[in-house]
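Colleague: Dock chain B against the given chain A, drawing on the hints supplied.
For the protein sequence lines, the chains are A and B, in the order given.
Each step along the first sequence adds one to the number in the working numbering, with nothing skipped, and position 130 is 130.
In the working numbering, each residue carries its 1-based index in the second sequence increased by 1000.
Think of the hints as simulated: they come from the structure by calculation, not from any bench.
Each statement offered as a hint is correct.
Reference listing, derived: stretches of chain B covered by chain A, where coverage requires no fewer than 3 residues with Cβ under 8 Å from a Cβ of chain A:
1. 1032-1042
2. 1068-1077
3. 1153-1165
4. 1199-1211
5. 1226-1233
Quick list of the computed label-pair ranges, beta carbon to beta carbon:
6. A:Asp188 x B:Tyr1018: 29 to 39 Å
7. B:Arg1127 x A:Glu254: 36 to 46 Å
8. A:Leu265 x B:Gly1175: 46 to 56 Å
9. B:Gln1169 x A:Glu254: 21 to 31 Å
Backbone N, C-alpha and C define an ideal beta-carbon position, used for all residues, glycine too.
The primary structure of each chain is shown beneath.
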Amino acid sequence: MTANRMGLDHTSPPWTRRTLLKVGSLGFLGLSLSRYLRLQYALAGSAQRAEPKAQSVILLWLNGGPSQVDTWDPKSNSSFRPISTNVPGIQISELLPRMSRHMDKLSIIRSMKTEENNHGLAHHYFHTGHRPSPAMNFPSLGSIVSSELAQRNGIPPHVMVPSIGPSFIRYFRAHMLGARYDPMELPDPSQKDFKVPDLSLPQSVSVERLGSRRDAARLVDSLYREQVRSAEHSDLDEFQRQALEMILSPAVREAFDLSREPEKLKDAYGRDKVGQSALIARRLVEAGSRFVTVVDYKRKETGKDWDTHGDNDEQHRDVLVPGTDRVLSTLLADLDERGLLSSTIVIATGEFGRTPDINPAGGRDHWPHCWSLVLGGGGIPGGLVVGESDERGAYVKDRMVTIGDLFSTLYKALGIDWTKEIIHPVGRPLKIANSIDDTTGVPIKELV
Amino acid sequence: MTSHPYFAEAAANRIWSYFFGRGLVDPVDDFRLGNPATHPQLLEALASSLREQDYDLKHLIRLIVTSRTYQLSSWTNPSNRLDRINYSHALPRPLAPAVLLDAISQVTRVPEVFGKMPVGTKAIELRFPSESSFLDIFGTPQRDVVPEPGGKPSLGQALHMFAGETFNQKLSKEGGFLARIVESDVSNGEIIEQLHLAALARLPTPGELAGHQEMFRSRPRKEAAEDLLWALLTAREFCENH
Chain A
1 MTANRMGLDH TSPPWTRRTL LKVGSLGFLG LSLSRYLRLQ YALAGSAQRA
51 EPKAQSVILL WLNGGPSQVD TWDPKSNSSF RPISTNVPGI QISELLPRMS
101 RHMDKLSIIR SMKTEENNHG LAHHYFHTGH RPSPAMNFPS LGSIVSSELA
151 QRNGIPPHVM VPSIGPSFIR YFRAHMLGAR YDPMELPDPS QKDFKVPDLS
201 LPQSVSVERL GSRRDAARLV DSLYREQVRS AEHSDLDEFQ RQALEMILSP
251 AVREAFDLSR EPEKLKDAYG RDKVGQSALI ARRLVEAGSR FVTVVDYKRK
301 ETGKDWDTHG DNDEQHRDVL VPGTDRVLST LLADLDERGL LSSTIVIATG
351 EFGRTPDINP AGGRDHWPHC WSLVLGGGGI PGGLVVGESD ERGAYVKDRM
401 VTIGDLFSTL YKALGIDWTK EIIHPVGRPL KIANSIDDTT GVPIKELV
Chain B
1001 MTSHPYFAEA AANRIWSYFF GRGLVDPVDD FRLGNPATHP QLLEALASSL
1051 REQDYDLKHL IRLIVTSRTY QLSSWTNPSN RLDRINYSHA LPRPLAPAVL
1101 LDAISQVTRV PEVFGKMPVG TKAIELRFPS ESSFLDIFGT PQRDVVPEPG
1151 GKPSLGQALH MFAGETFNQK LSKEGGFLAR IVESDVSNGE IIEQLHLAAL
1201 ARLPTPGELA GHQEMFRSRP RKEAAEDLLW ALLTAREFCE NH
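Isolated chain A (complex conformation) (with noise of 0.2 Å):
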């Protein structure tokens, strides 16, 4: 059932006609037929690699849910033209004019479909791979991966920038993972006064004396904790234990610290709340996170979102993928330029897509059934396109993906073990690249 699923697979046959004439048109662009089966046997080959190459991800969170025709999968129900990009053979929409310059660095999946068509429960879907249970909370995948892989150079393994707020952070946090696998949530870094809270010491307190309060504060709660027993005890002794490293830290402080960007790049990025956001990713990656979820969530131009219930085509055109454009095509130049790219996976992804249909107030409702997404970096290569949709990007025509795929995918390539099952302390294992139907995710051949 699985190798029908993978149209480039070689263990399959794989020339199917559509690919025939696709790798066809390359050659006539520009890339060999020979250069393109050597891609792929490299890319065969890369499967089997003891090491994998990437360490890290960065979440670009279109929050809301972007319509798939207007920006990934361009079809003639969206008012916007197609545009060719720099891998010959693959289109998307002209409102992404730079991202069309970078398309070797990510692929897209035309073809996710998901179960939850409002937005708290896409979430709790998108980020858990389940579907909400009033009985149980299930961590997030950025909390999982931050709990596979050990944290590095003190810097905190999982970053949310800016906060989602209130309402929505319970579906990224780790739950019975533990509050230690919790993103940290860090305030806007485009507000002029930002700044990461409580990073270094007042003045009038050294070293010497946090050892000294330590010592007294031992003294003090030895007694109570002997005998009084609570859950939040080891969570905040384990964040103490980590805000001591962090406050001893010079270069934590460091990787937190904006100003050391040149301003040139902070133009690049765009001065909004994406773009700084999508700059302190970077730095956190650098400096060792393992997850930073950049949250696009209600643009202060507009206080609109990508849940465009109303005038769609003005909003996709005039506020949102003019954004998307921008932080993506920079972030990955950015990452590229500083040799990040091969290991930090970068994805860009809403909680579901949008009809195919505008509605009577020109907006486009929630849809699950098909949609698009793209990812690249961290040996996840670019320029390829899984699945394909109909022609009015409904429905699923070719190798529909899951979450489970792509959670599989993702664990992949960071070389964390996706067939894996969680116990939860109720005693139900939970799989950690769950797929519909209580099966496990498959890794999609053609990116990892």
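Modeller: Just chain B, lined up with the frame of chain A:
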């Protein structure tokens, strides 16, 4: 509304959870066949009492807080220390962020100032989220759900304890409780006792007293007192309802 068959059970369960940190049905809003009450007869008794008293919540609260169960100590013994659902001992809970901030202000006698609110306004009296770095980090009362969520440990809280202004400014404030007691002519032992009484409402044990006196001997008195009070204000014994 009270005619709904689950109303009395749901209300009694919710009030119970405010006092014990968990409902007899837990989570409190998850009444279903697969999630039965830990003590169904108790829940039924509380619900009946609520019905009989014409849904008088004060009556229910009085019933709960005068019970032996509510008055149990949180201190455990070897036979009950793992128990989380049978009410063999009180379960410690973190203080709500606003309550913790008020407690710190009260012990240090340095009031927190919230924007344009009059000095002396307590965090628990704030009707709207207000400017406060402490509440930003520990959790701002939103006033939209009861009880307020919050008190969940975070890295930001740990950072604030070490380096944050709430702790450091209140400790070293001129004219604060600590400054006055350090400048007075009371002995180190008395300072240690005073600080324990103010923060924990108990005297130090002989072992604690000896340990802290050692610290006072090896350091400037003001610094030693500040460090001790810091330790008291960040102690679990202080930050938890137990």
